[in-house]
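Top line first, the protein sequences correspond to chains R and H.
In terms of our numbering, the first sequence opens at residue 20 and continues consecutively.
In terms of our numbering, the second sequence opens at residue 20 and continues consecutively.
Any given hint could be a false lead.
One copy or two, it doesn't matter: identical chains are merged, so the pair holds either way.
Straight-line alpha carbon distances no greater than 30 Å define the calculated DSS-like cross-link-like pairs of lysine-lysine that follow [to be verified]:
#, residue 1, residue 2
1, K140, K238
2, K51, K92
3, K102, K92
4, K51, K102
Calculated from the structure, these hints are not laboratory results.
Source: prediction; values computed, not measured.
There are 2 protein chains.
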Amino acid sequence: MGSRSAHHLCAKAMTQQNAENQETQTSRARDKVLERRRMILATIRDAAIDEFASKGLIGASTQAIAQRAGLTKPQLHYYISSKEELYEDILVYILDEWQELFLSASTGDTPADVIRAYVHKKLEYGRRNPNASRLFTTEIANGAPVLGRHWAPYQASTREAVGLIQSWVDQGLVRAVDPLLFQMHIWAVTQHYADFDVQVRNMMNLDEGEEPDYGQIEKEVTSLFLRALGIE
Amino acid sequence: MGSRSAHHLCAKAMTQQNAENQETQTSRARDKVLERRRMILATIRDAAIDEFASKGLIGASTQAIAQRAGLTKPQLHYYISSKEELYEDILVYILDEWQELFLSASTGDTPADVIRAYVHKKLEYGRRNPNASRLFTTEIANGAPVLGRHWAPYQASTREAVGLIQSWVDQGLVRAVDPLLFQMHIWAVTQHYADFDVQVRNMMNLDEGEEPDYGQIEKEVTSLFLRALGIE
DNA sequence: AATTAGTTTGACCGATCGGTCAGATCAGTT
DNA sequence: AACTGATCTGACCGATCGGTCAAACTAATT
Numbered sequence: 020m021g022s023r024s025a026h027h028l029c030a031k032a033m034t035q036q037n038a039e040n041q042e043t044q045t046s047r048a049r050d051k052v053l054e055r056r057r058m059i060l061a062t063i064r065d066a067a068i069d070e071f072a073s074k075g076l077i078g079a080s081t082q083a084i085a086q087r088a089g090l091t092k093p094q095l096h097y098y099i100s101s102k103e104e105l106y107e108d109i110l111v112y113i114l115d116e117w118q119e120l121f122l123s124a125s126t127g128d129t130p131a132d133v134i135r136a137y138v139h140k141k142l143e144y145g146r147r148n149p150n151a152s153r154l155f156t157t158e159i160a161n162g163a164p165v166l167g168r169h170w171a172p173y174q175a176s177t178r179e180a181v182g183l184i185q186s187w188v189d190q191g192l193v194r195a196v197d198p199l200l201f202q203m204h205i206w207a208v209t210q211h212y213a214d215f216d217v218q219v220r221n222m223m224n225l226d227e228g229e230e231p232d233y234g235q236i237e238k239e240v241t242s243l244f245l246r247a248l249g250i251e
Numbered sequence: 020m021g022s023r024s025a026h027h028l029c030a031k032a033m034t035q036q037n038a039e040n041q042e043t044q045t046s047r048a049r050d051k052v053l054e055r056r057r058m059i060l061a062t063i064r065d066a067a068i069d070e071f072a073s074k075g076l077i078g079a080s081t082q083a084i085a086q087r088a089g090l091t092k093p094q095l096h097y098y099i100s101s102k103e104e105l106y107e108d109i110l111v112y113i114l115d116e117w118q119e120l121f122l123s124a125s126t127g128d129t130p131a132d133v134i135r136a137y138v139h140k141k142l143e144y145g146r147r148n149p150n151a152s153r154l155f156t157t158e159i160a161n162g163a164p165v166l167g168r169h170w171a172p173y174q175a176s177t178r179e180a181v182g183l184i185q186s187w188v189d190q191g192l193v194r195a196v197d198p199l200l201f202q203m204h205i206w207a208v209t210q211h212y213a214d215f216d217v218q219v220r221n222m223m224n225l226d227e228g229e230e231p232d233y234g235q236i237e238k239e240v241t242s243l244f245l246r247a248l249g250i251e
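Please put together the full structure from these sequences, using the hints given.
If you want it as structure tokens, here you go:
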């Protein structure tokens, strides 16, 4: 996933390198420069995710992103070409990461195994990358103005998961459910714990630093969906 | 709920009236003026909800809100005092509407009745007020910077619902669940259909104008939670 | 006709926005 | 030391932002 971001970001700085210019520098020095760029771009991405997640595309300022990344504004624009493009790159980057987060089964897995693993992975991701999760949610809640053109692969994964669940139903392994809606429900509930963290913590009367009991949450969420399938 | 908004909005225009000035106008004329203001304020609110829902607090411009409401910018500021205040008022207004949307039981209702009614009301509200729903979600996903000071009543309703569900468990009417988490799960799933409408329609391969089959959705969502309680 | 309260308007304010640019500075190579 | 490509900087651009204001206008009352 890290490799992909290198393709997207840093349009300006990279094109100069991609031109395969003659060997004026040793390859050691060139690698050092590239490595440095990769790190800066990763820093920018992280800073931008934070800003975009809490302000939205229009609300976030390049000024603030630069500052949070420890750069000046012209410096930031040396590595990225525009705010919109940075935003779009980040969305695709997040979408990339999520490809591994879909319902998928290895041979021998029971439906219960698959659901348990999915819920676990999804909750874990949200807990570790709350801002990426929120950025994504804000984008969709705002009508997916940018993302709209990019979720073709998303659809493929969805269809795969639908087929999997349907096969369980057909084999009589689980109670009948609408596979598409069932999948969305898991997505909705797990997503909730990342996106609405503030609300969740408020309902639980937790202080600023305290974290919800994710063990309990995972148990309850898993139970919810296993019961719906009649396998708990 | 409409009456409440009259208290919140229109700081400037109202203070002049609230001063209980001497009877220089007949009450008929004054009523006419007040009625006109109420309508304009409702128009502003609707326009602002749309704008805030798709751009966020910072991203939405008073210019755009005014234009969508058929007003000029100075005209808008004649009725509202500031963008932040308008935003806050709208959040509180939405929160007000939602007070009626919580889990609540009349005597004689079975748990299944209560769940069914709640899911129905919640889905119906989201279907009819998608932008209000999205505005709320965006605010929370962005860290609830404004709303944070306003959800005390929200907490009370939550505790009430927790008590209700817990009593079902204690009486042995339903399978054991964590009442707080269970309630949040219903909230998450129903909210999902309003907030992620774009994504839902995309997954279902629906065209722009088409609406998802809410009959099927309500059936599946209800079923999910009834099964979790062991009462379906 | 004169008065009054309520409303609308165009011009305007300082601040910030995304983005640019010429030139200074830096690091590495010869 | 001279050179070269990569990086950084302060000053700057036009556009838009939220918000204000005096002056004009409207409609009802006396």
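If you check each hint against the structure, which ones fail?
none
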